[in-house]
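Engineer: Model the full structure from these sequences, guided by the hints.
Chains E and S are the protein sequences, given in the same order. Taking this note's numbering, the leading residue of the first sequence gets 11, the next gets one more, and so forth. Taking this note's numbering, the leading residue of the second sequence gets 11, the next gets one more, and so forth.
Among the hints, erroneous ones may be present.
So, partial list: chain E residues that the calculated Cβ filter (under 7 Å) puts toward chain S [what the hints assert, rightly or not]: (1) Lys-27; (2) His-31; (3) Val-45; (4) Ile-152; (5) Val-153; (6) Gly-163; (7) Ile-171.
With a Cα cut of at most 27 Å, we get these calculated DSS-like pairs of lysine-lysine [said to hold, decoys possible]: (8) Lys-52(S) to Lys-27(E); (9) Lys-228(E) to Lys-259(E); (10) Lys-122(S) to Lys-52(S); (11) Lys-228(S) to Lys-259(S); (12) Lys-228(E) to Lys-52(E); (13) Lys-259(S) to Lys-146(E).
If we take Cβ atoms under 7 Å as the criterion, some of the chain E residues that face chain S in the derived model are [what the hints assert, rightly or not]: (14) Ala-19; (15) Gln-23; (16) Leu-34; (17) Ser-41; (18) Phe-66; (19) Gly-69; (20) Leu-137; (21) Gln-145; (22) Ala-154; (23) Val-158.
Simulated from the structure, these hints should not be mistaken for laboratory data. Glycine included, each C-beta is placed from N, C-alpha and C at the ideal position.
The lines below spell out each chain.
Number of protein chains: 2
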Amino acid sequence: MNEKKSLNARQRQILQKIQEHGSLTLDELQSIFDVSPQTLRKDLSILAEQTPVERFHGGANWGTSIENLSYQDRQIRNPDAKSVIASEVAAYIPNNSSLFINIGTTTEAIAKALLNHQSLQIVTNNLHVASILYQKPDFRVIVASGEVRSRDGGIVGESTIDFIRQFRLDYGIVGISAIDRDGTLLDYDYREVRVAQTIVQQSREVILAADYSKFSRKAMVEMGHITQASHFFTDQLPPRTVQRLLDQKQIPVHLPAR
Amino acid sequence: MNEKKSLNARQRQILQKIQEHGSLTLDELQSIFDVSPQTLRKDLSILAEQTPVERFHGGANWGTSIENLSYQDRQIRNPDAKSVIASEVAAYIPNNSSLFINIGTTTEAIAKALLNHQSLQIVTNNLHVASILYQKPDFRVIVASGEVRSRDGGIVGESTIDFIRQFRLDYGIVGISAIDRDGTLLDYDYREVRVAQTIVQQSREVILAADYSKFSRKAMVEMGHITQASHFFTDQLPPRTVQRLLDQKQIPVHLPAR
DNA sequence: CGCCAAAACGAAAATAAAACGAAAATAAAC
DNA sequence: GTTTATTTTCGTTTTATTTTCGTTTTGGCG
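Structural biologist: And the structure:
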């Protein structure tokens, strides 16, 4: 009953646009593709059947049931866990240090929590992080080049990777979309994954930050493994299987003080 | 629960008008929009729910409670010369073209005015411009790498220049801090000047945008000369001396329609 | 102050506009 | 010639807007 048909080129493109942007209206799709509305409707119907895309009157969005409303909606979603984690991470990061901060709402919360630090040097591929941090005169904010993803202001692409490879910094602060039960780190966009992997390579210490909800989410692209982290910051004890992995590799797990 | 709906085009326009004007009566709104009063009432009710707009009998105003204007709000507040110039520039730029947009509040106004275009490719070293444009799914926004200047979110430095040099685009939209009487273009930051010069080099057409106040300002670093522009957009006729220069080189001067 | 009329208002019914799905017609690929 | 993809057509459904009407607010005026 579940016909698994392969998507054509345009449909895959639409799928990616929806992932990047969170949602798309038919008007927006028509401004991108030179085909009839009816064809786009059909594409959306097919995507809705076979992917987490959901339709609404006038367009479609990336499945709300799992996650990923528009960027702004996500902002509101789980503020407690994120900001608690964020202040834990901030407390761990010393002044006068250098750090990467990559894409994700969790890392943005961390950026906000870092505003009381002094003399940080930050390299980021996250437009929002740059916006948050650049106004502090004693921070040096360096932004990577590349294409700006319309979903969340993430900067991705080959040149982003090349640029990041120039640096070797004290800390790499990495968020992640999903963590599998075996400790595999997963994300939605392969370009983002490439960037995150580079950040991990170029950091002396890798700080992985993820709230508990990430353990029950699915994503498609493999980024790495949780044991590549130097420290893991979260809001609740992770599932047993993951906990055991972290124990084996002696990776400290930081939970909120409370 | 809290119904979060996105605003339609007219509602966003009303919102902007209210921000610019401080307040609007229903009469004023009716003279702008060709819809029934009842529809406008409904729009105002929706705006009152979801934005800082507050209603009063006969109209609505921008929420008085929030006097602490964020950067973005301050930008919108001053719609005069800059946004007039901006819409002139936007009218000149065709769809499906590629452009550089550099640092400056005028160029930011232009970015906003470009939001109704389709399928633009934009390379920018301005954090605010990137923030304004990246959400449109049919726009491709590419941000240059480099250090973010804390004064205004401009991205400057050697790597910015190297990155920009990779591109050759249809239009280079350049703002400027000051224009001397002999037509010399001046700016405050030598790093920004280097970037602007590179943009000029790599553009097929150079669009210079500057309001009249720039003619009476002084700055230290020489960027180039007004005759390097292909088109000059401004709000009033420039001083005689400059006008003559532009005439000699047959550079079109675009003034507001009115 | 209290009363009235004009204007503004909200709720809901009526109408207009758009988005929709199914299927036929057309175009493209094989 | 057959298959597949896309566009066109058309009747239906959803959404947006206008109209209608009874109520509330506003600003005179006795």
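Engineer: If a hint holds in the structure, say so; if it doesn't, say that too.
Structural biologist: Going down the list of hints, with the structure as the test:
Annotation: Lys-27(E) was flagged as interfacial toward chain S, and the flag holds, the nearest CB pair being 6 Å apart, inside 7 Å. Contact between His-31(E) and chain S, as hinted, is supported at the beta carbon level, the nearest pair being about 5 Å apart and thus within 7 Å. Residue-level restraint check for Val-45(E) is violated (minimum Cβ-Cβ distance to chain S is 14 Å; threshold 7 Å). Because the beta carbon of Ile-152(E) sits about 5 Å from the nearest beta carbon in chain S, less than 7 Å, this interface hint is met.
This hint holds: Val-153(E) has a C-beta 6 Å from the nearest C-beta of chain S, less than the 7 Å allowed. Because the smallest distance between the Cβ of Gly-163(E) and any Cβ of chain S comes to about 6 Å, under 7 Å, the interface hint for this residue holds. The closest approach between the C-beta of Ile-171(E) and any C-beta of chain S is roughly 11 Å, which is over the 7 Å cut-off, so the hint fails. This hinted pair does not check out: Lys-52(S) and Lys-27(E) have alpha carbons roughly 32 Å apart, beyond 27 Å.
Using a Cα cut-off of 27 Å, the hinted pair Lys-228(E) and Lys-259(E) holds, with the two alpha carbons roughly 24 Å apart. Only pairs whose Cα atoms come within 27 Å are accepted, and Lys-122(S) paired with Lys-52(S) is accepted, the gap being roughly 26 Å. The straight-line distance between the Cα atoms of Lys-228(S) and Lys-259(S) is roughly 24 Å, inside the 27 Å bound, and the hint therefore holds. Of the pairs offered as hints, the one joining Lys-228(E) and Lys-52(E) holds, with about 26 Å between alpha carbons and a cut-off of 27 Å not exceeded.
Distance restraint check for Lys-259(S) and Lys-146(E): the Cα-Cα separation of roughly 44 Å exceeds the 27 Å cut-off, and the hinted pair is therefore not satisfied. For the restraint placing Ala-19(E) at the interface with chain S, the shortest Cβ-Cβ distance is roughly 17 Å, beyond the 7 Å limit, so the hint is violated. At about 11 Å, the closest approach between the beta carbon of Gln-23(E) and any beta carbon in chain S exceeds 7 Å, and the interface hint on this residue is violated. Below 7 Å, beta-carbon pairs count as interface contacts, and Leu-34(E) has one with chain S at about 6 Å; its hint therefore holds.
The beta carbon of Ser-41(E) is positioned within 7 Å of a beta carbon in chain S (closest approach about 5 Å), and the interface hint is therefore held. The closest approach between the C-beta of Phe-66(E) and any C-beta of chain S is roughly 11 Å, which is over the 7 Å cut-off, so the hint fails. Taking 7 Å as the C-beta contact cut-off toward chain S, the hint placing Gly-69(E) at the interface is violated, the least distance being around 10 Å. About 6 Å separates the beta-carbon of Leu-137(E) from the nearest beta-carbon of chain S, less than 7 Å, and the hint is met.
Hint on Gln-145(E) holds. Least Cβ distance to chain S is approximately 6 Å, under the 7 Å limit. Interface restraint check for Ala-154(E): the shortest CB-CB distance to chain S comes to about 5 Å, inside 7 Å, so the restraint holds. Evaluation of the Val-158(E) hint against chain S yields a held restraint, the C-beta minimum of about 4 Å falling below 7 Å.
Checked against the numbered hints given earlier, the structure breaks hints 3, 7, 8, 13, 14, 15, 18 and 19 and satisfies all the rest.
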